[in-house]
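Protein chains in written order, with our numbering: chain A, 6 to 395; chain B, 6 to 395; chain C, 6 to 395; chain D, 6 to 395.
Think of the hints as simulated: they come from the structure by calculation, not from any bench.
Any given hint could be a false lead.
Copies of the same chain look alike in the list, so a pair counts if it fits in one copy or across any two.
What the hints assert, rightly or not - Dumping the calculated SDA-like pairs for lysine to any residue here, alpha-carbon to alpha-carbon at most 20 Å:
{"hint": "1", "residue 1": "Lys245", "residue 2": "Arg262"}
{"hint": "2", "residue 1": "Lys194", "residue 2": "Arg151"}
{"hint": "3", "residue 1": "Lys119", "residue 2": "Arg129"}
{"hint": "4", "residue 1": "Lys33", "residue 2": "Ser45"}
{"hint": "5", "residue 1": "Lys119", "residue 2": "Glu167"}
{"hint": "6", "residue 1": "Lys33", "residue 2": "Lys82"}
{"hint": "7", "residue 1": "Lys17", "residue 2": "Gln27"}
{"hint": "8", "residue 1": "Lys119", "residue 2": "Glu165"}
{"hint": "9", "residue 1": "Lys194", "residue 2": "Gly55"}
Number of protein chains: 4
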Amino acid sequence: MSKSDRIPRDKKNDHSREMASQRAAFIKAQTGAELNTVSSYTIDPAITSGNIENFIGTVQMPLGIAGPLKMVGEHAKGDFYIPLATTEGTLVASYSRGMRVISECGGAKATVVKHSMQRAPVFRFDNALEAREFGRWLDENLNSIRGVVDASTDVPQLTEIEQYIVGNMMYTRFCYTTQDAAGQNMTGKATLHACEWIRANHPLKPRYILSGNIETDKKHSQMNMIQTRGKRVVAEFVLKRDVARELLRVDTESLYRFRQIADVGTMLSGAAYGGAHSANGIAAMFIATGQDEANVVESHAGMLYGELLDNGDFYWSVTLPALICATYGGGTGLPTQRECLEMMDCYGTGKADKLAEIIAAVVLAGDVSLSSAILAHEWVSSHEKMGRNR
Amino acid sequence: MSKSDRIPRDKKNDHSREMASQRAAFIKAQTGAELNTVSSYTIDPAITSGNIENFIGTVQMPLGIAGPLKMVGEHAKGDFYIPLATTEGTLVASYSRGMRVISECGGAKATVVKHSMQRAPVFRFDNALEAREFGRWLDENLNSIRGVVDASTDVPQLTEIEQYIVGNMMYTRFCYTTQDAAGQNMTGKATLHACEWIRANHPLKPRYILSGNIETDKKHSQMNMIQTRGKRVVAEFVLKRDVARELLRVDTESLYRFRQIADVGTMLSGAAYGGAHSANGIAAMFIATGQDEANVVESHAGMLYGELLDNGDFYWSVTLPALICATYGGGTGLPTQRECLEMMDCYGTGKADKLAEIIAAVVLAGDVSLSSAILAHEWVSSHEKMGRNR
Amino acid sequence: MSKSDRIPRDKKNDHSREMASQRAAFIKAQTGAELNTVSSYTIDPAITSGNIENFIGTVQMPLGIAGPLKMVGEHAKGDFYIPLATTEGTLVASYSRGMRVISECGGAKATVVKHSMQRAPVFRFDNALEAREFGRWLDENLNSIRGVVDASTDVPQLTEIEQYIVGNMMYTRFCYTTQDAAGQNMTGKATLHACEWIRANHPLKPRYILSGNIETDKKHSQMNMIQTRGKRVVAEFVLKRDVARELLRVDTESLYRFRQIADVGTMLSGAAYGGAHSANGIAAMFIATGQDEANVVESHAGMLYGELLDNGDFYWSVTLPALICATYGGGTGLPTQRECLEMMDCYGTGKADKLAEIIAAVVLAGDVSLSSAILAHEWVSSHEKMGRNR
Amino acid sequence: MSKSDRIPRDKKNDHSREMASQRAAFIKAQTGAELNTVSSYTIDPAITSGNIENFIGTVQMPLGIAGPLKMVGEHAKGDFYIPLATTEGTLVASYSRGMRVISECGGAKATVVKHSMQRAPVFRFDNALEAREFGRWLDENLNSIRGVVDASTDVPQLTEIEQYIVGNMMYTRFCYTTQDAAGQNMTGKATLHACEWIRANHPLKPRYILSGNIETDKKHSQMNMIQTRGKRVVAEFVLKRDVARELLRVDTESLYRFRQIADVGTMLSGAAYGGAHSANGIAAMFIATGQDEANVVESHAGMLYGELLDNGDFYWSVTLPALICATYGGGTGLPTQRECLEMMDCYGTGKADKLAEIIAAVVLAGDVSLSSAILAHEWVSSHEKMGRNR
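Just chain A, same shape as in the assembly:
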């Protein structure tokens, strides 16, 4: 790489309008591209320090609001307006329709049923027997390892160390709770300290790699489905038969029958989500609220479960086993993102479960709307009307 190809940087003052301009000029010189709108941002670059390197401006993603969504959750109670950042026409309208249906039926319950964030070092031994005995040693020394974690970091609490032996290797998952942070970085640090302590204290001084790939960070996995990553959260409501007919133009019997047809399709295809779509709402909320966008891949996994009740109403639930969201840290403090959190009173400490409940309920709303549109054969026509394929 010749020097002239290098992106300009300033060690002392890199997150500044000046350096962003220099870089935009550099890009223009190198590629011919004008970055007028990228450069036309209204946030203070200094605030992005810690969130990005080589800052050159911002992408402006259209933000729409949907709602109100009535919630009767454990933490989220009342009517919420939901910020959705997306470029996909129809999305906000479709979610809004689902929210209206849920609200008309009394609102969505939502419950976080488990918390668990992981780092997954793998330890290598001469043989499986050593690996097994190491596992016993880990069990016996769990409290000491917890002490190491507590001494090295403030937030994460080590709940357990899951053990999975393959060959001469002990794959582990260090599971933590992380309060209102998503926690991938802080648990990484905590686990590194724990591993170094283990290496120093176990008689075999075992070699390890900080990730054996089974925390499945930034990946969907069946492991997440089973063991939870981030938050396992359920949203549920009872769809009234009359509301279904009036607002969705479908019978609850058809919805129930479709559940099983869709489930069979899910098993046939080995899909990560059993309903119509979870990723749309999660991605749009994640961008709006400053979540780590890559975590959509874990968070979109889930199962739909519905049941036709004796009175013809339809119990409808969505379970997200690996929802990763935070109300502080990461991108949550950036100006526009923070405002989106504040719109739902979800910024700051003590709010992460509330946010998780809302996200799950939004996913539920999206599935109510799209599943019904598919059944009522209205899905294409709404896209014709509102989306880009006119």
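Let chain A serve as the given structure and place chains B, C and D on it in line with the hints.
Positioned in the frame of chain A, the structure of chains B, C and D alone reads:
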């Protein structure tokens, strides 16, 4: 829902500064939240029509640039600067490091090896025998169905109709090529027309639902891994032993050994991606370039394959079987997003494969950097230095 | 290995009573174990040549008969008595109950909807582009390759060559129909000939390995679920509401509700079969009829689909996407096994689809019985009464 | 069903030569099939009571012996001769070859690293919050539930109750150790007692179904891969470079390279086992030793892990996460089956882990032989020579 809860809309002029302001005022009244920075956008609201409903402003996502990334692809040739929109500190720096390594080694090859976008209607019969005979009828009438598709839409070309019988149902996948569009909506429309023609012309007038869930739209699936969704693209390069030592502080032998440890972890956990992380780079590029952000969930799937060569160099490849990207339509024409595409000369028709090649090479760069950081035990310290967990 | 440790063999006359006795004496000398009943076989050892090496006697597996099972299949029509070889008490009784229910409801339909047996060589290239071009060459030369297959073997017909590129490798699946044989060996031979021809005729003389592991021979896989291995077969019947109540002591509504609870469990656990149990009946029939017992692992995969009809009856189907069975070759000609096939008029050519239909219907019967027993809380008590846990 | 169609039974003396003959005559009358060899069994029918209903004779499965296999396991030590019941020519010879290689290299280590047998009742609540609180109640009452288990059955020890909430349902897995029994029936009984106690004692008197399908009994699942079912066992040895060349005609470098090509194939196809074949050896040993044959489907799952050592030798391991085997109960006490167990000194109490070690080592031997044959292009020719496709 009482009238006062309703989000203000204007049928004629809804994508306007006026209506955005009214909605911001409404949100403030309802929730108390000030939307000053959300409202401080610099793009023209009118241009978001077709991309969003209930527009209220924009989310400003920090944009960094990485590179140069040298490419010797089929379509992408030369040095590229890569726009990455993210809020995760260290990400741009880490990808940049990987790009530098690739560039020092002569650049990344990249190849789109298959195109296929699907809609997946399910047809219901009285029994499996009828379903099987229907499948034969579909085969025999494929050209007529192609004609229906051509008559109803401009872009999509129907390549084949995959058939999967379960019970008395024929789950199909209508597979299309869609030029430079992602194509989910246009193939939805085409498939609806095809299904209506089938229903009208097949003697049994079969009932159908437009989705049996096996196109796995907005979901990761093993189906995607096997059958492709969007583009199947491979990026590859040969990592020189000396470059690995110098820039990454790892031996190629260790990288090769780690490949298998990580693969075993992937199989153990049932993970969607075999390498360290694909979703980070894809999400950041998708936001920057106006892709449908929810498609990160399909696009992040993939396999790493590496091989230690006799001279100690390391062949390294990443295969993304379900990369969904476009260079027109959707959000690609929005001002900041379009500029990001232009930075790579990837805006407009005839550029989608080029963009796919670049995205795959970026994923490769990210894995080069993070895998090495994990092995060299540098992963935590870089986050300490650059990220938010100071 | 010292000479005295070697199992006695006779190059000329190894499948004989004499050599079996010598080996039994050898085992007694080496281990102290008396093999009286193993040695007390009544079949002619000579007939086992080609089926086993180091023949030492037989295992006598108890054989029970279940039925009659009324079938209204495409090939299997009428009442069948089913041979089940098992050591699990209750199994024959439970399947018999299911068969009675099906028969009372008019019998099981069954249909083979696809045939496909594979070998899956992987070809290695310098890069993905070469692999892609090789794929086109394969398409263009498909008829020549078919000719090679025809010239080298009698039975297998090459239907298609599926292509899956990863990195610089082309993973293929050579798909065949194999008439009444299971066909793994004959397709192995055919594919070897084809590969040698390809290697000789393609300009790059590509290296290959005869298996890249994606035929998933003797393994369950999602690939099998999607692409079929052996036979894809559906069995189905309509359970009458009254029969359910009387013979199974369950309501069809409960059965329908249980379907979805079980499906959710299947998705949660990533299980290969969506119903209660397919492996029991398949294993018992496979042993009885001389199938390759290891193929139970592929054959047990499947999906249940049921639907509550308006009149309260319950449509019930089972789909086995990878049923591997044969009516000649392998162990089907051994004396006891052949008699078991003859009991169903399934020995010899032209009978394989008929056998597949019967096996699928037996699986259906097993699920009818066990699912209902679980729901009626009778499952434990039947095992108490008939099984070993008294 | 008319009376004349009914299979003859005798309530008092059904497991007898007389009744078997009556049934054989009945089958001949109904189907025309002569059951001469089926009827020509040499075991006492009375002993099959509890193992089968409607006994009509036996299937005689050819039994071959392989070995010696040298083992340096935790429980299995010394040279073993392995009984393999199969009808697939080449199988015994191929496994023997692998055993010789392992023995020449000093023998196989093998270790059972975890025990866990499950029943998986699902409990239904009004909403997820109730389900979560029920989970806490289960944790608090674990010791009482253990007491109920102990009071109702002799063998099973309840180790833990895993909890997985989906919607308003709590899917549980009651995990047990079961000494030398496989334990599916005894844990079924124990779990039924536990559930009845829970229903009686929990304030909500929750409804439950004894199986929510996530014990995945008689099914392969990712759940088994992760959480273990039966025994998780590892077999391992170091293949010497020279032995590989001489006996297997392959280089250890090629074996190592093939590992990764096969792993990629496994991930691509979503296969249950990462090596060449586990089901062959397991099925043949299961039939020989009276295991429940259907459990092959769970037991065949696994991962291969290998590593090229600095001296050119190759560490090779196989991990079976869901091996289900027993040394008493079920079919283990039948005459021929018991002799096969005795041949390995594996009959009766205190032997189940030893048997598991041997089975895992046999799987390892099979993979050593077949993987090498595939690489050396000898796989087809051995089948030509020894198998049925002459």
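Could you tell me which of the numbered hints above are not met by this structure, giving the numbers in increasing order?
When the structure is compared with the hints, none of them turns out to be violated.
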